[in-house]
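In order, the protein sequence lines correspond to chains A and B.
Residue 1 is where the first sequence starts when you use full-length UniProt numbering, and the numbers rise one by one after that.
Residue 1 is where the second sequence starts when you use full-length UniProt numbering, and the numbers rise one by one after that.
Everything labelled a hint here was simulated from the structure, so no lab data went into it.
Hints may contain errors.
In this list, chains with the same sequence are indistinguishable; a pair is considered to hold if it fits within one copy or across any two.
[To be verified] Derived pair list, reagent style DMTMM-like, types lysine to aspartate or glutamate, alpha-carbon separation capped at 20 Å:
| # | residue 1 | residue 2 |
| --- | --- | --- |
| 1 | 195 | 352 |
| 2 | 453 | 37 |
| 3 | 353 | 367 |
| 4 | 245 | 207 |
| 5 | 3 | 55 |
Listed here are the chains, written in short residue letters.
There are 2 protein chains.
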Amino acid sequence: MLKITPLGGTREIGLNMTVIEYGDTAFAIDAGLMFPEGYMLGVDIVLPDMDYIREKGKNFAAVVLTHGHEDHIGAIPYLLRDMNVPIFGTPFTLGLVRHKLEEAGLLANARLHTISLDEFLRIGPFELDFMRVNHSVVDGVGMAIKTPVGTVVHSGDFKLSQSAFPWMNTDVDKFVWYGGQGILALLSDSTNVEKDGRTISDMAVGETLEKIIAKSPGRAIVALFASNIVRIQQIVDIAEKHNRKVIFDGRSIETSTQIARDLDYLRLPDGIEMNIRQIDEVPDDEVVVITTGSQGEPMSSLARMATGSNKMIKTRPGDTIILSSKFIPGNERAITSIINHFYEQGADVVYEKISDIHVSGHAFREELIEMMQMVNPTYFIPVHGERRHLIHHARLAKQAGIPEENIILPDNGLVIEFDETGVRTKDHITTGRVLVDGKGVGDVGSSVLRERKELAEDGIVVVVIVFDEETGIVVHGPELLSRGFVFQNLKGHILEDAQCVILEILEEVRPDMPDRVSVIETQMKSALRQYFKFTIKRRPVVIPVMIEV
Amino acid sequence: MLKITPLGGTREIGLNMTVIEYGDTAFAIDAGLMFPEGYMLGVDIVLPDMDYIREKGKNFAAVVLTHGHEDHIGAIPYLLRDMNVPIFGTPFTLGLVRHKLEEAGLLANARLHTISLDEFLRIGPFELDFMRVNHSVVDGVGMAIKTPVGTVVHSGDFKLSQSAFPWMNTDVDKFVWYGGQGILALLSDSTNVEKDGRTISDMAVGETLEKIIAKSPGRAIVALFASNIVRIQQIVDIAEKHNRKVIFDGRSIETSTQIARDLDYLRLPDGIEMNIRQIDEVPDDEVVVITTGSQGEPMSSLARMATGSNKMIKTRPGDTIILSSKFIPGNERAITSIINHFYEQGADVVYEKISDIHVSGHAFREELIEMMQMVNPTYFIPVHGERRHLIHHARLAKQAGIPEENIILPDNGLVIEFDETGVRTKDHITTGRVLVDGKGVGDVGSSVLRERKELAEDGIVVVVIVFDEETGIVVHGPELLSRGFVFQNLKGHILEDAQCVILEILEEVRPDMPDRVSVIETQMKSALRQYFKFTIKRRPVVIPVMIEV
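Construct the complete structure from the given sequences, taking the supplied hints into account.
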């Protein structure tokens with residue numbers, strides 16, 4: 001019996017990880033992270049709960065990667081800490097993984113294996129065959145998984161529009177060939193199911209970029225995702241044509257371009273590259289800077305350029321900043337703030353709202369239908385999306401002629417079973433999101449987040465009172481301290497009055513009352529809450545520190 | 001000399017307030033608020049700094065309102081607390097202001113005056129004439145301001161596409177007539193300058209809404225902004241045509257529809273309205289619910305429906321939820337979370353990404369050019385936008401033939417002066433943003449926000465040590481308390497180890513050392529910071545409480 005179980009990626013864009021099992025053998029497609037949502041205060045990254053895999057121990061045979069984006073490879077270091085499972089991927093994907101494992105101090109023992117598009121990969125009863133797919137990172141693949149009950153095709157993250165480089169195009173022929181063999185199930189990328197029509201081609205984006213870079217009277221500064229090697233190659237080619245030098249700015253760009261150059265995926269004409277320290281040695285209109293920070297990340301080189309605090313690059317009138325990436329939901333205000341700052345400095349900014357300088361890496365609706373038609377599966381399983389994406393993709397499949405009963409809506413933890421008699425879904429296994437904050441993996445949960453939210457809203461007030469253990473007399477305090485509550489000038493005033501509120505309680509609670517200290521504590525908390533509500537309508541967290549000495 | 005000074009609205013969408021002065025007389029167009037940005041933790045609303053107006057005292061003669069959106073009227077209660085200036089507006093706008101002042105306990109003394117589109121309004125040397133504009137709230141106006149040095153036209157928030165109700169269309173004839181008289185300057189709405197073409201008409205939106213509501217097999221639940229009376233009337237008309245009852249759900253919808261009904265701006269056929277408590281008394285396909293919460297506000301009735309915690313309405317398969325409003329940047333994740341929840345319940349959701357069930361109230365580029373052509377001003381001043389919007393609008397004006405030297409880029413606080421010889425910009429007056437948190441107006445500034453951010457990131461650790469004043473011996477502690485730092489299970493562990501770190505310091509600092517307590521405090525803070533960084537890579541706020549008794 002074949003089992004397909006997503007551990008993540010079917011309730012979110014992120015956390016992509018799907019377990020494939022037959023008999024005793026299991027492997028996973030991808031092991032991705034997610035960036036925290038707004039309410040996850042202080043959280044660095046989010047991981048899928050991988051306990052299901054850990055419990056399989058030696059029966060868990062491999063992780064097979066489709067491509068090198070964080071939502072597909074970001075959880076690998078956390079998995080490898082606990083089990084040294086082999087990782088399979090294309091050269092560029094493994095290049096990024098290698099870098100990641102090096103930073104985590106896990107590279108020495110890691111078992112990384114390069115996959116080839118011309119060879120089958122055997123994992124126990126499975127035989128995997130990989131197909132090139134065009135995506136916003138180079139070296140992406142989809143795959144056909146031959147199993148004893150039939151062949152399953154996974155689209156990977158794909159689009160069908162033309163890449164700037166023909167060898168990067170989706171291998172339509174191979175998908176069609178598999179379609180002709182009879183396919184049990186297709187798992188397909190749902191990200192852009194809300195978008196009608198087709199993605200524009202990378203070539204069209206290149207043409208727009210060329211026009212903008214060519215006519216920039218000053219520096220052209222292009223911000224994009226570091227792994228978008230095709231776009232970087234296009235910009236290098238444009239720079240060469242228009243006699244501009246190229247500067248790679250920032251650590252992640254340096255890392256990814258180095259990996260791509262080592263693999264010959266990125267080719268730089270001799271002498272075109274320049275160090276950022278030399279930027280003022282050539283005329284402004286002979287420079288292209290390639291950098292990251294296009295999501296408005298506040299510590300990025302781009303954000304520091306925008307606010308004038310970048311020591312290497314001071315932007316000025318004539319410079320053109322090109323944000324060649326999507327405005328990811330949640331980042332829009334950070335991005336537009338950077339745009340406004342650049343305008344303020346007299347620089348010009350080109351961004352997706354006003355020009356086609358970006359294209360998504362994920363297929364639009366027409367391409368999604370084409371994938372279904374090429375693969376022509378018996379069963380269809382939409383993956384890689386939030387609930388609404390999967391549901392829209394399921395509807396699209398129905399419109400495209402797949403019988404409703406053969407469309408399976410997956411869920412994180414839902415076990416989809418195939419055997420000779422058909423398909424069944426059963427058993428939600430335990431899944432979830434594991435929050436990483438600093439070195440803590442999983443210790444920050446809803447109670448800590450709730451406390452952080454309360455602290456963030458109105459700050460904190462600490463009340464210290466020291467009693468004489470024998471007499472019950474107050475020997476110190478009430479002393480009040482606050483953070484994030486009110487401004488210094490007002491603070492003295494409000495905290496002094498709050499002190500009077502507490503003194504009244506201390507007077508009223510007789511020294512011989514049983515449990516006196518805890519009575520005072522309870523009354524004080526409630527009185528302070530009321531007092532702050534009445535005077536300033538805020539609800540700081542009140543921490544009473546009642547000490548007997 | 002005529003002076004035009006924006007106090008807000010030229011560096012943000014929000015805080016719209018522009019002071020117009022001649023000689024001793026000043027008045028303001030609008031007095032709006034802004035909703036807090038993500039980093040303004042715990043802040044309720046943001047106001048423009050109105051000190052410039054307060055200082056004018058009796059010379060400040062009026063606030064004239066263009067329409068009733070919060071970014072144009074929201075600061076009025078805060079202004080009226082300090083000075084009882086007369087407020088002028090159209091009937092619906094004043095209806096909303098009246099409600100607002102009532103809630104603030106300021107209505108009794110307020111001086112509210114209804115303006116008419118057929119009469120001039122005199123304010124000292126100024127003569128104001130109002131023109132109907134079509135916007136996403138009823139009863140919006142633009143205005144012509146006759147001054148001793150020429151006539152200034154303010155567009156208000158406008159679009160030129162057709163309303164569903166002809167009497168709500170922008171009064172193009174009157175704008176053209178003024179254009180023919182010779183206009184000194186045009187101030188025009190820049191919000192949608194990034195959008196090509198024209199807004200679609202309210203009628204087109206109505207047709208789409210009708211199709212969706214008519215074919216919903218269950219309840220149709222439409223979420224929109226409460227003040228969008230035209231859209232509400234359209235939905236009522238659709239409900240009547242398709243034999244559905246109408247339920248107004250939520251306080252703000254009840255308020256705005258009541259104001260509109262009192263003014264006869266909203267007409268309900270007899271018997272069409274139903275109370276929400278009766279919702280289960282009629283078949284699902286005979287109900288339309290009109291509600292708010294379309295921005296994903298977590299406490300809204302809609303959000304509670306989505307999570308199944310709304311006591312009045314349980315959505316179920318067959319119900320169609322229609323989000324008839326824009327995804328405002330910053331709210332996207334909250335909105336999509338609600339959408340996913342509804343899908344999870346089997347309900348269907350229609351939203352702007354997948355259907356034209358919403359249109360902006362602000363003109364697109366072609367309409368913006370038409371406004372310039374109609375009014376044909378000598379000077380052009382783009383308003384109502386962030387920096388990038390104003391700069392794009394200035395460029396559009398240049399393309400439309402207005403000489404570059406006659407295009408003035410305004411700024412919050414920049415005084416634009418007109419006299420017989422021309423225009424000058426000088427003197428930035430002091431402006432800024434005033435943050436409102438609870439009853440505190442202006443006391444939360446960057447230092448409090450910084451503290452809240454630190455608290456939100458990694459929580460807080462309070463360390464209490466009580467020393468004997470004479471001997472220096474520790475009589476209590478070190479006692480450690482934390483909030484929002486680590487999960488309970490881990491907490492004991494980490495805080496116990498941290499206690500040992502402090503005990504070591506206490507041992508090392510000799511009892512006779514001068515300033516012993518403050519030395520301990522300093523060493524302890526630094527040691528704890530290092531310890532937490534090393535063990536868990538977090539930086540909680542450490543509050544030492546060192547007491548001598």
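To see whether the hints hold, each was checked on the structure:
no.: 1; hint: 195 with 352; result: both (15 Å within a copy, 11 Å between copies)
no.: 2; hint: 453 with 37; result: both (13 Å within a copy, 16 Å between copies)
no.: 3; hint: 353 with 367; result: between (23 Å within a copy, 18 Å between copies)
no.: 4; hint: 245 with 207; result: within (19 Å within a copy, 54 Å between copies)
no.: 5; hint: 3 with 55; result: within (16 Å within a copy, 74 Å between copies)
Checked against the numbered hints given earlier, this structure breaks none of them.
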